[in-house]
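*Asks:* Sequence:
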Amino acid sequence: MKQEITQLIEQALDALVIQDHLPADTQAKVQIDRTRDKSHGDLASNIALTLAKAAKKNPRELAGLICAALPESDLVAKTEIAGPGFINFFLTDSSSQSVVRTILERGAAFGHSNVGAGRRVQVEFVSANPTGPLHVGHGRGAAVGDSLCRLMMATGWNVASEFYYNDAGAQIDNLARSVQARCNGMDPQSPDWPEDGYRGGYISDVANAYLAGDTIDAQDQHVTGAADVDDVEAIRQFAVAYLRREQDLDLKAFAVHFDLYFLESSLYNSGAVEQTVQRLIEQGHTYEQDGALWLRTTDFGDDKDRVMRKSEGGYTYFLPDVAYHLNKWQRGFERVINEQGADHHSTVTRVRAGLQALQQDIPQGWPDYVLHQMVTVMRDGEEVKISKRAGSYVTLRDLIDEVGRDATRYFLVARGPSSQLTFDIDLALSQSNDNPVYYIQYAHARVCSIMRKLEEQGDTWSIEAGLESLGQLTEDHEKALMRRLDQFPEVVSHAAENSEPHNVANYLRELAGDFHSWYNAHKTLVDDKSVRDARLALSEAVRQVINNGLDLLGVSAPESM
RNA sequence: GCGCCAGUAGCUCAGCUGGAUAGAGCAAUGCCCUUCUAAGGCAUCGGUCGAGGGUUCGAAUCCUUCCUGGCGCGCCA
-7 MKQEITQLIE
3 QALDALVIQD
13 HLPADTQAKV
23 QIDRTRDKSH
33 GDLASNIALT
43 LAKAAKKNPR
53 ELAGLICAAL
63 PESDLVAKTE
73 IAGPGFINFF
83 LTDSSSQSVV
93 RTILERGAAF
103 GHSNVGAGRR
113 VQVEFVSANP
123 TGPLHVGHGR
133 GAAVGDSLCR
143 LMMATGWNVA
153 SEFYYNDAGA
163 QIDNLARSVQ
173 ARCNGMDPQS
183 PDWPEDGYRG
193 GYISDVANAY
203 LAGDTIDAQD
213 QHVTGAADVD
223 DVEAIRQFAV
233 AYLRREQDLD
243 LKAFAVHFDL
253 YFLESSLYNS
263 GAVEQTVQRL
273 IEQGHTYEQD
283 GALWLRTTDF
293 GDDKDRVMRK
303 SEGGYTYFLP
313 DVAYHLNKWQ
323 RGFERVINEQ
333 GADHHSTVTR
343 VRAGLQALQQ
353 DIPQGWPDYV
363 LHQMVTVMRD
373 GEEVKISKRA
383 GSYVTLRDLI
393 DEVGRDATRY
403 FLVARGPSSQ
413 LTFDIDLALS
423 QSNDNPVYYI
433 QYAHARVCSI
443 MRKLEEQGDT
453 WSIEAGLESL
463 GQLTEDHEKA
473 LMRRLDQFPE
483 VVSHAAENSE
493 PHNVANYLRE
503 LAGDFHSWYN
513 AHKTLVDDKS
523 VRDARLALSE
533 AVRQVINNGL
543 DLLGVSAPES
553 M
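Counting in the working numbering, the first sequence runs from -7 upward without gaps.
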C-alpha cells in the first residue's frame, strides 16, 4: 500500500515540475509513514516539509499543490493537510480490505520478499567450545541466530547456518586435564586439581563414561572411550565428542539446526592456518618481537598489535579466526553475519584487520556482527546463577526443561540484542495474560477454535465466499486489525535488513492484542452469512500472519490450548 | 585510563536511517462471563525520554561534554 501511495506522490511531483512549481532538478525521496493517530488518516507524508525550501514555498502551500496534482485513485478516499504541512491519506474501505485477500492468496508466503535475490549469506552463531553444556547466553545466541536465518530466508537470501568450534586450543587441553583428574578420583577441591580446570559436575560424567568404555555418536564425532587414564590424547578426543553430543542434544531440544559444524582443527589439517601466516608475512604487516610473531593490526584500526604465533611456537586463537573467515570469503559468501556474545566484541576489529592485511580485496566492513549483551536469569525476584550440571552457570537445558521451548525462545529473542536481558522464569511460566507467548499463541488457537465451532454447527466457510464478502468489514476494530496486518511485510523486511528479530516478536504482541479486542467486541459466528464469511476471512488472515510470524521466531502455533 | 553496549512510566521493555499530543505489557484501581476458550476484553492512574550544551521548521532519535550501570582491554577463546 505504501508503494502505491508513493507512486501517486511521485506522479504529482512530476506534474508540479512541469507546471514550474518545483525546480526541474528536484530530487525527492518520498517518505510515507503510518500514522499513529487515526484522526490523521492511514498514511502520511512529510514530503511538503522536506521540499519546502527547494520550492521556495511554505510547506502548507506546497502540500496543497501536491494534493491538487495527485492523480485520481480508488485507493484514496480523501487527503488532508495537517499540522506544519503533513499530507494525510485516508484509504478507501476496499483498499484496506484488500490485505485480507492478499494474505489468503499468499498464505505462508505472505510477508516474504525477494530482496535477497538468491544471494548467499552465511550466519554463524552459538559457536560454543565443546567444554561444557550450553548456557543461557548461548541460548540467546541460538534464538537470535536461528531467527536471523529464518528472516534472511524469508527475504530471499540463500542462507547457510554454521557452528564453529574450537576443538584444538588451550581450552581443550584444559578440558582433557580436568577429565583426567576426575578419572584419577580427584575433585575440584583437591590440591592437585588442574589450574583453571573445569569444575562442573558434568566433568565426572565424562570421566565415568570414558572409563566405562562408552561409545559416543555425536553430530560429527564417533569415539569410544579407551579407559586408559594416562592417554591424555584419547581422553581429549573422547571428552570433545562427549560434550559435542551434549550440545547437540541441547540444540535439538531448542529446535535449532545447523547446516555445517566447522572444526577449528580442520584449519590446521588443511594447511589453511599455515597458508594464512605465510600470506600475512608476505604482505609485510608482521614483525617478530620477544620471540613471538605479531600482526600489525594497528595499521587497520586496532588499538594494539596482536600476537599470532606465541614464543612457545603455538598459534593464538586469533590466527585460525582469520583463516576461518578467509575460508568463508573463499566459499563465496558475499555476506556473513556473526552472532556472538558482546564479551567477545574485541575480536571484531581484530578479525577485520587480519582480513584487510591479507590484501584479498575483502570489503573493509566485512563480515557483519550482531553482538548480544548478557542474560541474567531471575526467579522469585532473585538472580539465579548456578545449575546442578554446570555448577557455575545456568544451562540452556535447565531453562527449556523448566519453562518450555516456546517460552524460552520467545523471551530470548524478544529484546533487542544490544540490550541486556533479564529472563524472568516466573513470567515465562505463567499461563496468563502476563505472558506474551501464551497471549500470541492463544490468539492463534482462538481462530482455530472458531473454525472448529463452525464445523460443529454444521456450517461451512470458503475462502471464495469470504473474499466476496470483504466489503462487510467496516467496524473500527476491523479496520485497525487490517491496518496491522498490512504492516507485516514491512516488519519482516525491516527486521531482516537490520538483523533485529525482536521487531517480529513485538509486532505479534500487537497483532494479537488487536485480534483479542476485536474478538471481544464482535462475534464472528453471526447469523448473517455474508458478515460471518467476511469475519471468518479476517480471522483466518490473522491466524495465517501469526503463524508466519511465530515461524520466523521458531515458536510453535498451537491449534488449541 | 581506553573501547563497545545501555540509561524512556514503580517494574520489564518498544520507539532511535529526525516528524504531529512519547507507546505496550506487568503492577495499582474500577468494571465485563445465560454470548465463538475470561490463557480474554474495557476504563483509570502513571513520564524533567540520565544531565547540560549544540544542529533546524521540528530532537527520545543526530553532534558534543559529563554522570551512572554492564562487558571487554591475555603470547585465553
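Hints were generated in silico from the structure; no laboratory data involved. Beta carbons are placed, not taken as given, at the ideal position from N, Cα and C, and that holds for glycine. Mixed in with the good hints there might be a few duds.
Stated by the list, open to error - Straight-line Cα separation of at most 25 Å, SDA-like style, residue types lysine to any residue; simulated pairs:
#  : residue 1 : residue 2
1  : 244       : 445
2  : -6        : 38
3  : 49        : 15
4  : 377       : 337
5  : 445       : 397
6  : 521       : 108
7  : 30        : 16
8  : 377       : 358
9  : 45        : 86
10 : 521       : 472
11 : -6        : 161
12 : 302       : 472
13 : 296       : 161
14 : 30        : 15
15 : 49        : 16
Claimed, not checked - Cβ pair distances, simulated, as ranges:
#  : residue 1 : residue 2 : range
16 : 105       : 271       : 37 to 47 Å
17 : 257       : 187       : 16 to 26 Å
18 : 56        : 552       : 53 to 63 Å
*Asks:* For each hint, tell me whether it holds in the structure or not.
*Replies:* Hint-by-hint comparison with the structure:
| no. | hint | result |
| --- | --- | --- |
| 1 | 244 - 445 | violated, 36 Å |
| 2 | -6 - 38 | holds, 14 Å |
| 3 | 49 - 15 | holds, 12 Å |
| 4 | 377 - 337 | holds, 23 Å |
| 5 | 445 - 397 | violated, 29 Å |
| 6 | 521 - 108 | violated, 43 Å |
| 7 | 30 - 16 | violated, 35 Å |
| 8 | 377 - 358 | violated, 36 Å |
| 9 | 45 - 86 | violated, 36 Å |
| 10 | 521 - 472 | holds, 22 Å |
| 11 | -6 - 161 | violated, 53 Å |
| 12 | 302 - 472 | violated, 63 Å |
| 13 | 296 - 161 | holds, 23 Å |
| 14 | 30 - 15 | violated, 34 Å |
| 15 | 49 - 16 | holds, 15 Å |
| 16 | 105 - 271: 37 to 47 Å | holds, 39 Å |
| 17 | 257 - 187: 16 to 26 Å | holds, 24 Å |
| 18 | 56 - 552: 53 to 63 Å | holds, 55 Å |
Figure legend: structure checked against the earlier numbered hints; hints not met, in rising order: 1, 5, 6, 7, 8, 9, 11, 12 and 14.
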